[in-house]
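Visitor: Each chain, letter by letter, is given below.
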Amino acid sequence: MLAVVPLSDTDVDTAPAADELRDGIVADLRTDLGDGVIDSHVASGDDVWVRVSAESWAAAGDALRRRGFTYFCFLSAIDWMPSPYGNGESDPSAEPDEDAAAPEMRPGYTGGDTRFQLLARVVDPQRHVGVTLKADVPDTGEQLSMPTWVPVYAGANWHERETAEMFGIAFVGHPDPRKMYLPGDFEGHPLRKDFPLLARMVKPWPGIVDVEPMPEIDGGDDDTGGES
Amino acid sequence: MTMLSERQQLSYIAAQAADARLNVELETEGMTLNIGPQHPATHGTLRIIARLDGEQVVWAEPSAGYMHRGYEKLTEVRTFPQVTALINRIDWLGSFANEVPFILAAEKLMDIEAPPRAQHIRTILFELSRIANVGLFLGDLGVQMGAVTPVFMAFRDREYVLNLIEGATGGRFHPNFDRIGGLKDDLPKGWIDETKQVMKKLRRFCDEIEDLLFGNEIFQSRMRGVGVIPADVALQYGLSGANLRASGVDWDLRRDQSLPMAWDKVDWKVWTHPDGDSWARCWVRLQEVRESTKIVDQLLDTIPAGPVMAKVPRIIKVPEGEAWVSTENPLGEMGYYVVSKGDLGPFRVKIRSASFNNMSIAPWVLKGVYVPDIITILASLYFILGDIDR
Chain A
1 MLAVVPLSDT
11 DVDTAPAADE
21 LRDGIVADLR
31 TDLGDGVIDS
41 HVASGDDVWV
51 RVSAESWAAA
61 GDALRRRGFT
71 YFCFLSAIDW
81 MPSPYGNGES
91 DPSAEPDEDA
101 AAPEMRPGYT
111 GGDTRFQLLA
121 RVVDPQRHVG
131 VTLKADVPDT
141 GEQLSMPTWV
151 PVYAGANWHE
161 RETAEMFGIA
171 FVGHPDPRKM
181 YLPGDFEGHP
191 LRKDFPLLAR
201 MVKPWPGIVD
211 VEPMPEIDGG
221 DDDTGGES
Chain B
1 MTMLSERQQL
11 SYIAAQAADA
21 RLNVELETEG
31 MTLNIGPQHP
41 ATHGTLRIIA
51 RLDGEQVVWA
61 EPSAGYMHRG
71 YEKLTEVRTF
81 PQVTALINRI
91 DWLGSFANEV
101 PFILAAEKLM
111 DIEAPPRAQH
121 IRTILFELSR
131 IANVGLFLGD
141 LGVQMGAVTP
151 VFMAFRDREY
161 VLNLIEGATG
171 GRFHPNFDRI
181 GGLKDDLPKG
191 WIDETKQVMK
201 KLRRFCDEIE
211 DLLFGNEIFQ
221 SRMRGVGVIP
231 ADVALQYGLS
241 GANLRASGVD
251 WDLRRDQSLP
261 MAWDKVDWKV
271 WTHPDGDSWA
281 RCWVRLQEVR
291 ESTKIVDQLL
301 DTIPAGPVMA
311 KVPRIIKVPE
321 GEAWVSTENP
331 LGEMGYYVVS
341 KGDLGPFRVK
351 IRSASFNNMS
361 IAPWVLKGVY
371 VPDIITILAS
381 LYFILGDIDR
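As given, the protein sequences belong to chains A and B, one line each in that order. In terms of my numbering, the first sequence has 216 at position 216, counting the first letter as 1, and numbering is strictly consecutive. In terms of my numbering, the second sequence has 38 at position 38, counting the first letter as 1, and numbering is strictly consecutive.
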């Protein structure tokens, strides 16, 4: 009754063939989506990032699923705008920095043209390899919107609800577009960089008084874990 | 009728109305049952809204967010070493295991690796967190089914494990012990022998639970065949950990990816179960506690000598880049997508917690079950509220 049935080969050694494997994934996606694939980045033997166009977002999920990436890991977004409030470690009482007044957006791997980027990860449970997919959210000046992944990955449901309320990105075709965590009448989108962290606004970070300049040394001793 | 006073008339109308309401209810037109947010059968403040037809659930929907603490936002105003103090509190029963994937992601971006001794001790503490976490689950499981004894046994034996974690790290629940580049301290004297004794106790605890709970006929009849999740649905919803392996998917991140940890240096087994029901999920977890005690035992014998901290700068600046690291935590796959801009703190951290995905399948799996099964299915899916709400 309690027989244990391993379904997949356990001796998968991805390390030597990693480059071929991940380059192959990008090539497969290019075959499926054509110009929909904008850019890709392969960290050899480690991970792969693929940026697709907003129009190809739903198709990309579908293509990956048919290629064996059946495990849905997560879906979220990134706001690439530098925070206008500093990182909280700098003196909160100081006037806003001149550099911060003209924020320069630096997108991460595979680049990006818009402030918001969707980010999702799916994994192939047989080959034990994952893909991080990105797409620029087109900034039309109105409500930001992207197609939903729910018909492809049912697990995207909650993730899209969370992303929608935290970043203000509407998912077109989502079956249940309610708020996930926030109260129904909550205003604003907390994970946007221009949403102030009110606790820090009201009361400066208490750790700030302890900060003293540290000697610039390369070596470290036992407590280099970095407290303070 | 004209004899009746106004007061009598009013009470007559009220009685009629009450009868009418009763009739409507008896016709089982359907009712909405609200479980939580403070119901004792839900651990933490999860709220389930269930629409019932008689005893059967038409649809049910968990409502999260009563404990959302906004960790993803808070990480953006912390330095990298400070973040571990926050993420300790995501899955509070297995705190140390929360720290590891984040530290590994930061180390990956900095292109450093902890010394072998630190990797070893990290793995030991990671597995102790699993034992403390899942051990309590096994006891809690009984309570949710009306069997009170196992929870006392679980709390008793978890105490030994917490004492070990406290002995090594100084914190019972929130160790905050993992550092970028290694660990805060080495193990204290006598800890290894003590741990071996405790592992023996824990194996005995597993045997007791297996006899007492899993061998119980009532337990079996309430768990077997209830809440069946097929493998393809489980994958689609992103179920991970024991929930996925109980659906027959042989996938464990400890074995199936290369991380600078010590799991590949010892001999252990990944358990799966073909059934996919509540029973299978609990049974796989029981086996995993046993395997964890074996992993710890073997690791204790082979701890390499050397420092527990790599050479890292006093002020940690993480180079610009993006990294994803996930590990097989007690609840399932826990991962951090860390974006750094070369500052003292992360630019963005996406926390992928296991319970969020594990619970998102609840509307699917609760459809059509009977009311008492809601509790057993939720218990077997096993979630920690902090892990859903973050």
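Derived by calculation from the structure, the hints in this document are not laboratory data. Wrong hints could be hidden among the right ones.
Calculated cross-link-like contacts (lysine-lysine; reagent style DSS-like; alpha-carbon spacing at most 27 Å) [claimed, not checked]: (1) B:189 - B:265; (2) B:367 - A:179; (3) A:193 - A:179; (4) B:367 - B:341; (5) B:265 - B:196; (6) B:196 - B:184; (7) A:203 - B:367; (8) B:294 - B:341; (9) B:341 - A:193; (10) B:269 - B:196; (11) A:203 - B:341; (12) A:193 - A:203; (13) B:73 - B:196; (14) B:317 - A:193; (15) B:341 - B:189; (16) A:203 - B:269; (17) B:311 - B:201; (18) A:193 - B:269; (19) B:269 - B:184; (20) B:269 - B:189; (21) B:184 - B:265; (22) B:265 - A:179; (23) B:311 - B:341; (24) B:201 - B:269.
Visitor: All hints, please: hold or fail.
Guide: Hints versus structure:
1. B:189 - B:265: holds (24 Å)
2. B:367 - A:179: holds (22 Å)
3. A:193 - A:179: holds (20 Å)
4. B:367 - B:341: violated (45 Å)
5. B:265 - B:196: holds (18 Å)
6. B:196 - B:184: holds (23 Å)
7. A:203 - B:367: Roughly 47 Å separates the two Cα atoms, so the pair is violated.
8. B:294 - B:341: violated (41 Å)
9. B:341 - A:193: holds (14 Å)
10. B:269 - B:196: holds (20 Å)
11. A:203 - B:341: At roughly 26 Å apart (the allowed maximum being 27 Å), residue 341 of chain B and residue 203 of chain A satisfy the hint.
12. A:193 - A:203: holds (19 Å)
13. B:73 - B:196: Violated: residue 73 of chain B and residue 196 of chain B sit about 41 Å apart, past 27 Å.
14. B:317 - A:193: holds (21 Å)
15. B:341 - B:189: violated (41 Å)
16. A:203 - B:269: violated (51 Å)
17. B:311 - B:201: violated (38 Å)
18. A:193 - B:269: violated (45 Å)
19. B:269 - B:184: violated (30 Å)
20. B:269 - B:189: violated (30 Å)
21. B:184 - B:265: holds (23 Å)
22. B:265 - A:179: violated (45 Å)
23. B:311 - B:341: holds (22 Å)
24. B:201 - B:269: Holds - the C-alpha atoms of residue 269 of chain B and residue 201 of chain B are around 20 Å apart, at most 27 Å.
Hints 4, 7, 8, 13, 15, 16, 17, 18, 19, 20 and 22, counting from the list given before, are not met by this structure.
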